[in-house]
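Protein chains in written order, with this note's numbering: chain A, 7 to 733; chain B, 38 to 199.
One thing to keep in mind: the hints can contain errors.
Ranges between beta-carbon positions, derived for each pair [said to hold, decoys possible]:
1) A:Pro-728 x B:Asp-92: 36 to 42 Å
2) B:Gly-48 x A:Asp-45: 25 to 31 Å
3) A:Glu-144 x B:Arg-157: 51 to 57 Å
4) B:Ala-124 x A:Gly-656: 52 to 58 Å
5) B:Ala-94 x A:His-153: 49 to 55 Å
6) B:Ala-124 x A:Gly-264: 38 to 44 Å
7) A:Asp-83 x B:Gly-59: 31 to 37 Å
8) B:Gly-108 x A:Ser-68: 41 to 47 Å
9) A:Asp-66 x B:Asp-163: 55 to 61 Å
10) A:Asp-558 x B:Arg-157: 52 to 58 Å
Computed list of chain A residues with no C-beta within reach of chain B, every gap over 12 Å [claimed, not checked]:
11) Ala-82
12) Gly-91
13) Val-158
14) Ala-169
15) Glu-304
16) His-339
17) Leu-380
18) Glu-396
19) Arg-729
Everything labelled a hint here was simulated from the structure, so no lab data went into it. Ideal Cβ positions, reconstructed from N, Cα and C, are used throughout, including at glycine.
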Amino acid sequence: MTVEIGTRAAGGIGQRAIRPDGIAKVRGEFSFAADLWADDMLWGQALRSLHPSARIRSIDTSAALAITGVHAVLTADDVPLNRYGLEHRDQPVLAGDVVRYTGEPVAVVAADHPDTARRACAAIVVDYEILDPLVDAERAVDAAEIHPDGNVFRDLVIRRGDAEARGPVAVEGTYEIGMQDQAFMGPEAGLATPTSDGGVDLVVSTQWLHNDRDQVAECLGLPPELVRLSLGGVGGAFGAREDVSLHVHACLLAARTGRPVKIVYSRAESFLGHVHRHPARIWMRHTATADGQIVSFESRILLDGGAYRSSSYHVTANAACFAAGPYRVPNAHVHATAVRTNNPPCGAMRGFGVVQSCFAHEAQMDLLAEACGLDPVELRLRNALAPGDELLTGQRIEGTLPVAEVIRACAAMPLPAPAEDDTLARPGGSGRTAVAADIRRGTGFAVSFKNLMYAEGYMDGSVARCRIDGGIVTVSCAAAEVGQGFVTLVQQIGRTILEVDDIIVAPADTSIASAGSTSASRQTMMSGGAVEKACRAARAELETRAAGAAIDIAALTANTPIDVTEEFHHRLTHPLDADGQGDAHVSFACAAHRAVVDVDPELGLVRVVHLATAQDVGRVLNPLQVTGQIEGGIAQGVGLAVMEELIVEGGRVRNASFTDYLIPTALDAPTVAAVLIEEPEPGAPFGAKGVGEPPTISSTPAIVAAIRAATGAACTRVPVRPRDIVS
Amino acid sequence: MTEMYVLRVNGTEHAVADAWLGESLLYVLRERLGFPGAKAGCEQGECGSCSVLVDGALVCACLVLAAAAVGSEIVTVEGLQPDERGATTDVQRAFVETGAVQCGFCTPGLIMAVHALLDRDAAPTDLAVREAISGNLCRCTGYGRILEAVEVAVSSRRGGAS
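Construct the complete structure from the given sequences, taking the supplied hints into account.
Set out below in structure tokens:
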């Protein structure tokens, strides 16, 4: 059966459909996890370690318990199974014998008021024996182990082609990437309610309900069916909600007190309580022929994973597999290592390992262009990957990957007008003193590609259910809506296939099977695919019942509802072998970015004026949402380029607030112009690719290239600081 | 230290009983009076997600002591539009239709800020809009669709006036 797309239904695939939750959100009625409330509810609060490395001699909770309004104080001894972790269970729910990072939870309190809970935390006496923290990632491999599982999360080598091959032109550099935070606007929040069957209901803001459910059940010592999770309204995610945060704490407190317990992180606690983007140090050397064809590529990548593993293992693979960028590289040696330190744990953030590598390889491509006397755009075109080419891992690109097309389209976009004569439009804004005559404009270019979906043999899937009862269509799927607009897509798919206007999107919870994680740009394909299959199955049943007559959906489901559940899988991938070779990835997307910046070179101030981009999207399912992902992703790339870094000194975060960790405001965000390149991806629903990550990846190196062009400064580190420009 | 006081929110008086006097206006609105529209994003006046009007001035509710707002006229996002189901102001409608809403956590604060701007300047320049909403952090949109929404609201008001 085939269904023509977008022919009948308004608000279907390809249309500017609006969000089903949009009205509730603008009216302030949408319920975020922090808005949850229950009769008789208590407030939970964690006490966190002030030290990056210490032995816990004792914890005295008696003074906290004596405070009026305090109902429970729990420590490691109260956790049935005291370990969890996204991919590997190496992290305690509450630290028992040692603390391994500043901010690690040591105790949790339930009280009748959030301020009572905070006072109770302050009254807990922890006797620490302070140890020397391991904070230098370069030392971690050889240092004494700070965890029974060792100090190396992954050590990955990729060997391709002839190890001795070299071209006549060589460029090399060492690059550093600072620790970026996802800084979503809605801090972590959840409400746990004990149930009469001895289980717990947890409503929580997360990216993956089922993975959380399994970890919570393990830690509580409960069978999974007694732990029911529902998605609380999520105020942004960007990778930071892949790991369990307050989940187990809230459930433990609810079980202990027999009352609902709500936990809402403060902003400072949010900065300490979730993983960050891995800081990295990357060395690269490229050699090429005189006319700019890459001959060899070598790289050494070191990622600081912080105290616990989280997703470091797969971040390492991404950093390594995509280290050379979207270019043909016949001979390569890449060595990537992620290590454990007493720094804050790092894990998933939009771009997932590729952001770090891309900053380095794009700086290298500009050096190579200069060494070969070529225009940077021309050099990239000469080396651009295309379908049929092989990656560093030997994998042949089988889907679409229009690298040359995005490069050409982006380079051809019109440049912005000269700067406005307004102090607000100058580098530093009205509060600084950039002098108009000193401002220099620069333009930079960068290209990236990244895998979509999970990799290395992971058996990924998603499940969706379509129920039609008396003509009312309800679609259920456990995919986490975190702001990206999956709920809109569900309605668009349903309208297109079933040709009805109203599609009810059921709340996401664990009553249905897993939809996998809202990460890796995967939900459009995976859960979009499951929803498409379920709706098509329902459509087929309608056609059977109609037996050739016109479909009257209400009449055909008036007596017997249609209720179908379908599962979607992508094709199998495989692990990497000892040489880092293998078909490890499903699908790829590429993007090109051209940045225009104004810089005051004396003050080291930068204003990012304009970002032009061309992005490989497969097929546009919703122009509003694709544009929103591109503009939002670029703003995060701007942040990493010139503003955002969690400053960690001696294992302590020094700027855990929006006063000191600066994310782009409306005055910092550039004007964005985007061209969408549509080459439908085989095997993907409607040919669409996930679009969330590419905008964040090459926007950063494009901006830094523009700063180099304006100033001549080397800028081998992001974020670029005033002193990197002035000195 | 607790005391009974009365706050006037969206035109209606609300008694606040047995509250600790150290509570912020944001906390009292959200947790005691049932107005969760203002959001706690940072609780130090940096993110603007808790923006409300106090006697017509746009303020961060997290920085105002609730007890200090006694006698003032407080307007929250819940008080902007008619009470009926699904009703929206022109600014709210423009946000939905232009794709200016993603996760939506910053949205109520931005709606308040844009209304406050357009009430004092019916035809702001692009830079004036950026300046006016620069106290409202958004992490999802990069502000592009939000600027578009403001433009749509401005032109719809202009169309309505002519």
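Outcome of the hint check:
no.: 1; hint: A:Pro-728 x B:Asp-92: 36 to 42 Å; verdict: 40 Å, holds
no.: 2; hint: B:Gly-48 x A:Asp-45: 25 to 31 Å; verdict: 28 Å, holds
no.: 3; hint: A:Glu-144 x B:Arg-157: 51 to 57 Å; verdict: 55 Å, holds
no.: 4; hint: B:Ala-124 x A:Gly-656: 52 to 58 Å; verdict: 54 Å, holds
no.: 5; hint: B:Ala-94 x A:His-153: 49 to 55 Å; verdict: 52 Å, holds
no.: 6; hint: B:Ala-124 x A:Gly-264: 38 to 44 Å; verdict: 41 Å, holds
no.: 7; hint: A:Asp-83 x B:Gly-59: 31 to 37 Å; verdict: 33 Å, holds
no.: 8; hint: B:Gly-108 x A:Ser-68: 41 to 47 Å; verdict: 44 Å, holds
no.: 9; hint: A:Asp-66 x B:Asp-163: 55 to 61 Å; verdict: 58 Å, holds
no.: 10; hint: A:Asp-558 x B:Arg-157: 52 to 58 Å; verdict: 54 Å, holds
no.: 11; hint: Ala-82; verdict: 29 Å, holds
no.: 12; hint: Gly-91; verdict: 26 Å, holds
no.: 13; hint: Val-158; verdict: 33 Å, holds
no.: 14; hint: Ala-169; verdict: 43 Å, holds
no.: 15; hint: Glu-304; verdict: 35 Å, holds
no.: 16; hint: His-339; verdict: 37 Å, holds
no.: 17; hint: Leu-380; verdict: 32 Å, holds
no.: 18; hint: Glu-396; verdict: 35 Å, holds
no.: 19; hint: Arg-729; verdict: 25 Å, holds
The structure meets every hint from the earlier list without exception.
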